[in-house]
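Student: Taken in sequence, the protein lines are chains C and D.
Take 676 as the starting number for the first sequence in the numbering used here and just add one per residue.
Take 676 as the starting number for the second sequence in the numbering used here and just add one per residue.
These aren't lab readings, by the way, just hints derived from the structure by calculation.
Keep in mind that the hints are not guaranteed to be accurate.
When chains are identical, the list treats them as one kind, so a pair holds in a single copy or across two.
What the hints assert, rightly or not - With a straight-line cut-off of 20 Å between C-alpha atoms, the simulated SDA-like cross-links for lysine to any residue are: (1) K867 - R834; (2) K779 - K1038; (3) K944 - E933; (4) K1018 - M985; (5) K783 - A876; (6) K944 - E982; (7) K702 - R715; (8) K762 - E712; (9) K702 - D1064; (10) K1018 - I884; (11) K1038 - G967; (12) K779 - G1041; (13) K783 - A866; (14) K677 - S926; (15) K944 - E842; (16) K938 - E1066; (17) K779 - P1062; (18) K1018 - Q989; (19) K1018 - N805; (20) K779 - Q1058; (21) K783 - F1060; (22) K880 - V764; (23) K944 - G967; (24) K1038 - R1065; (25) K1038 - E1066; (26) K1053 - R715.
This structure is a prediction, so every number in the text was calculated from the model and none was measured.
Protein chains: 2
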Amino acid sequence: MKTILINTGTELLLGDVQDAHLAFIAKEIFPLGLRIEEQRTVPDGRGIRSALTDLFPRAEIVFVTGGLGPTTDDVTREITAELLRLKLVSDERVMTAILQRFAKRGIKFTERVSRQAYVPEGAEVFLNENGTAPGLYLRANINPPFHSPHLFLLPGPPRELQPMFRESVIPKLRSMASTSPLFDRRMYRIAKMGESLVEQAIGEKVLAIPGIELGYCARPGEVDVRIIGDPAAVERADTIIRSLLGPAIFSSNDETLEEVVVKLLVERKETLALAESCTGGLLADRITDVPGASAVFVAGYIVYANESKMDVLQVDSALMERHGAVSETVARAMAEGARMRAKTTYALSTTGIAGPSGGSPEKPVGTVFIALAAAGSKTTARQLFFPSDRETFKQLTAQAALDLLRKTLIKGSGD
Amino acid sequence: MKTILINTGTELLLGDVQDAHLAFIAKEIFPLGLRIEEQRTVPDGRGIRSALTDLFPRAEIVFVTGGLGPTTDDVTREITAELLRLKLVSDERVMTAILQRFAKRGIKFTERVSRQAYVPEGAEVFLNENGTAPGLYLRANINPPFHSPHLFLLPGPPRELQPMFRESVIPKLRSMASTSPLFDRRMYRIAKMGESLVEQAIGEKVLAIPGIELGYCARPGEVDVRIIGDPAAVERADTIIRSLLGPAIFSSNDETLEEVVVKLLVERKETLALAESCTGGLLADRITDVPGASAVFVAGYIVYANESKMDVLQVDSALMERHGAVSETVARAMAEGARMRAKTTYALSTTGIAGPSGGSPEKPVGTVFIALAAAGSKTTARQLFFPSDRETFKQLTAQAALDLLRKTLIKGSGD
Chain C
676 MKTILINTGT
686 ELLLGDVQDA
696 HLAFIAKEIF
706 PLGLRIEEQR
716 TVPDGRGIRS
726 ALTDLFPRAE
736 IVFVTGGLGP
746 TTDDVTREIT
756 AELLRLKLVS
766 DERVMTAILQ
776 RFAKRGIKFT
786 ERVSRQAYVP
796 EGAEVFLNEN
806 GTAPGLYLRA
816 NINPPFHSPH
826 LFLLPGPPRE
836 LQPMFRESVI
846 PKLRSMASTS
856 PLFDRRMYRI
866 AKMGESLVEQ
876 AIGEKVLAIP
886 GIELGYCARP
896 GEVDVRIIGD
906 PAAVERADTI
916 IRSLLGPAIF
926 SSNDETLEEV
936 VVKLLVERKE
946 TLALAESCTG
956 GLLADRITDV
966 PGASAVFVAG
976 YIVYANESKM
986 DVLQVDSALM
996 ERHGAVSETV
1006 ARAMAEGARM
1016 RAKTTYALST
1026 TGIAGPSGGS
1036 PEKPVGTVFI
1046 ALAAAGSKTT
1056 ARQLFFPSDR
1066 ETFKQLTAQA
1076 ALDLLRKTLI
1086 KGSGD
Chain D
676 MKTILINTGT
686 ELLLGDVQDA
696 HLAFIAKEIF
706 PLGLRIEEQR
716 TVPDGRGIRS
726 ALTDLFPRAE
736 IVFVTGGLGP
746 TTDDVTREIT
756 AELLRLKLVS
766 DERVMTAILQ
776 RFAKRGIKFT
786 ERVSRQAYVP
796 EGAEVFLNEN
806 GTAPGLYLRA
816 NINPPFHSPH
826 LFLLPGPPRE
836 LQPMFRESVI
846 PKLRSMASTS
856 PLFDRRMYRI
866 AKMGESLVEQ
876 AIGEKVLAIP
886 GIELGYCARP
896 GEVDVRIIGD
906 PAAVERADTI
916 IRSLLGPAIF
926 SSNDETLEEV
936 VVKLLVERKE
946 TLALAESCTG
956 GLLADRITDV
966 PGASAVFVAG
976 YIVYANESKM
986 DVLQVDSALM
996 ERHGAVSETV
1006 ARAMAEGARM
1016 RAKTTYALST
1026 TGIAGPSGGS
1036 PEKPVGTVFI
1046 ALAAAGSKTT
1056 ARQLFFPSDR
1066 ETFKQLTAQA
1076 ALDLLRKTLI
1086 KGSGD
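Extracted from the complex, chain C is given alone in its bound form (with noise of 0.2 Å):
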């Protein structure tokens, strides 16, 4: 079933707010047989009007998002209505819900959020546990003889959005896409191996494979392949990737890194303390983002000034002025330090030069050391160079961070 995204938002297209939605929706759909074909971001007010006249003709099935709010720029429910020729009526329903949701949590109603409880006539209501504005769903061909696709209209904050769609909208999909899709997919993701290099060990042997569709898509420090087919291609073309990028693949059920390693952590009951300089904290909330990292996580130290490094990792001033705090013997040092204070059987450590200032001739902006102390083994340490944005660097180190303790990971599970 063609089926269509409809951003709307002002603040999207000025870029005050960056959309969420896309993604969210594309993997929830998926599962069912049913691809986002294409999708538009437009402004509040008359955008939506002219994108609804325009894809209601070709579309089978169209989310828009956002509009549903009580400020006066939030005209989505109206137009709908318009153009449909539905009559807006107040639902005593979702009136309900939203007086007792303030009277809760003790906010002040005020008249316009009464807005938000006028439905067009026919509609199906989903109540909103997260906010006031409901969902709404009108099916296909409400009004004869107005053409209509399936029309699903969406909150636009993703905490408002995301739990509604899954407990009204999959099931709702549910009952009216076909149940047993054709096509399979794979993700494979891989960490710091070039998008070229990539495609150069698979790309030919996957693409002789009929009926297989290929893709890529490379961001900082990671490179994500995709297969998507029938069922017996899919297994074929696995089979092929997995012979050739073996463990350089760090997931191939879209786990992000942090929770791949806070997994193998858990399953080898050991932990984890860090030592962050340059980072700055990013290793630490990529792991706590990980439900049930407090299992594994003990502390994490963030030494961004020289005097901390010493006082609470114990490294050396000396060490520190003879090699400089960006230097290997650092990073050993800082590992080592964070490991003893924490007891933790591991401890990653980061310091480099972020930038945009800071740099020398001998350590550019962008030189980074990483390193890793393990109980019972010697610390492994690796020097990097990224030059980049300040956030792009942090991102690439720890995204190399987290893949070398991954691979230790790895490597003692085999032994």
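With chain C held as given, fit chain D onto it using these hints.
Tutor: Same frame as chain C, but now just chain D:
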């Protein structure tokens, strides 16, 4: 000039990666008086063909991102040449740049990479300093009688596109766009106040000004208010908004909360330490994203395990036993311990239950305490409740902690 952005990439439509180009480009072109009026995402391959055919007659400027890489799914350059009936010719400068890049980094040159040196005849080339695929500019109506808009083909990875956009695309646009935009724009960022309350405070009065466009955007812990209009109207609206919202506005120039906090600390020559439990490094990560943060940020202690709260921050184990690790008492002790250890002016702490597990009837998931210790004054603490998913919980908590510090800093300035 009617400006449209097309993002190519099956990975975007499958949800494997999130677009960052719309936000970036929109912000870059606004000062030139240009706004993206519509954005579309299309799959790799033929998708770009029908979007270009559809938009050529009605757009004046089209940006296309992605599909210029070395792999077989990258066909933007070929399809553009085909539509405009232009030959693809090998460009010497591009080829030399690619060879040099590979030599410098010691990467093996693969045959496929040379595809990237082919450009439609007559196109202007923007060399790529951060990758191999060059950017391309095809002037409007480049091959009469075919009607075509100004066409910019740009590489997909943000760290390649962004510097190229600033260095090459902006000067080109400046030469073609009207240089004095007739409208001005302001954005006000407000922490810890709901969208409908913000509108109730300012909506009616601002909208009474003729010719003003008013928009709101809510995200975790923040509401952004946006006004656009002619400079005089914007000036009048600005006065109203500032007088009604006052210090609730943390930024009116697109700065993030962490940028504002770092700037205030730098101005006051004061320093900061962090003691994070439930935010797990997010606060430190945000602070260290700000260039120059090292002047004010000394250390962060991510004390996930109770042992490390005691070890690093000297939190009394009896206190933790009596009140629990998630308590106001422990939040205060953490902040004070961090400030003592790092010898800073301020220390912020967070302790809470991020979930999904770990909640209890008295302290359900979402319970959180933050505290701020400051030299020469009493430690401040707040209890908050953010029942949401793990990442939103971390964001809301970090936002509340940073805003607590900001309010203390501006109050101090006023003394």
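Student: Take the hints in turn and mark each one as holding or not.
Tutor: Structure-based check of each hint:
1. K867 - R834: For K867 and R834, only the inter-copy Cα distance (16 Å) is at most 20 Å; the intra-copy one is 33 Å.
2. K779 - K1038: Classified as between: cross-chain Cα gap 17 Å, same-chain 57 Å, threshold 20 Å.
3. K944 - E933: within (16 Å within a copy, 36 Å between copies)
4. K1018 - M985: Cα proximity of K1018 and M985: in one copy and across copies (18 Å, 13 Å).
5. K783 - A876: between (61 Å within a copy, 13 Å between copies)
6. K944 - E982: Intra 33 Å, inter 18 Å, cutoff 20 Å: inter-copy only.
7. K702 - R715: both (17 Å within a copy, 18 Å between copies)
8. K762 - E712: neither (31 Å within a copy, 30 Å between copies)
9. K702 - D1064: between (30 Å within a copy, 18 Å between copies)
10. K1018 - I884: Neither: 51 Å inside a copy, 63 Å across copies.
11. K1038 - G967: between (38 Å within a copy, 18 Å between copies)
12. K779 - G1041: Classified as between: cross-chain Cα gap 15 Å, same-chain 51 Å, threshold 20 Å.
13. K783 - A866: between (50 Å within a copy, 18 Å between copies)
14. K677 - S926: neither (30 Å within a copy, 43 Å between copies)
15. K944 - E842: neither (35 Å within a copy, 51 Å between copies)
16. K938 - E1066: Close across copies (18 Å), not inside one copy (26 Å); limit 20 Å.
17. K779 - P1062: between (51 Å within a copy, 13 Å between copies)
18. K1018 - Q989: both (14 Å within a copy, 17 Å between copies)
19. K1018 - N805: neither (41 Å within a copy, 41 Å between copies)
20. K779 - Q1058: between (55 Å within a copy, 17 Å between copies)
21. K783 - F1060: between (54 Å within a copy, 18 Å between copies)
22. K880 - V764: neither (59 Å within a copy, 29 Å between copies)
23. K944 - G967: For K944 and G967, the Cα distance is within 20 Å only inside one copy (13 Å; across copies 39 Å).
24. K1038 - R1065: Answer is within; shortest intra-copy Cα gap is 16 Å, inter-copy 38 Å.
25. K1038 - E1066: Only inside one copy: K1038 and E1066 sit 19 Å apart there, 36 Å across copies, limit 20 Å.
26. K1053 - R715: Neither. Shortest intra-copy (53 Å) and inter-copy (52 Å) distances fail the 20 Å Cα cut-off.
Violation of the numbered hints given earlier is confined to hints 8, 10, 14, 15, 19, 22 and 26; the remaining hints are satisfied by the structure.
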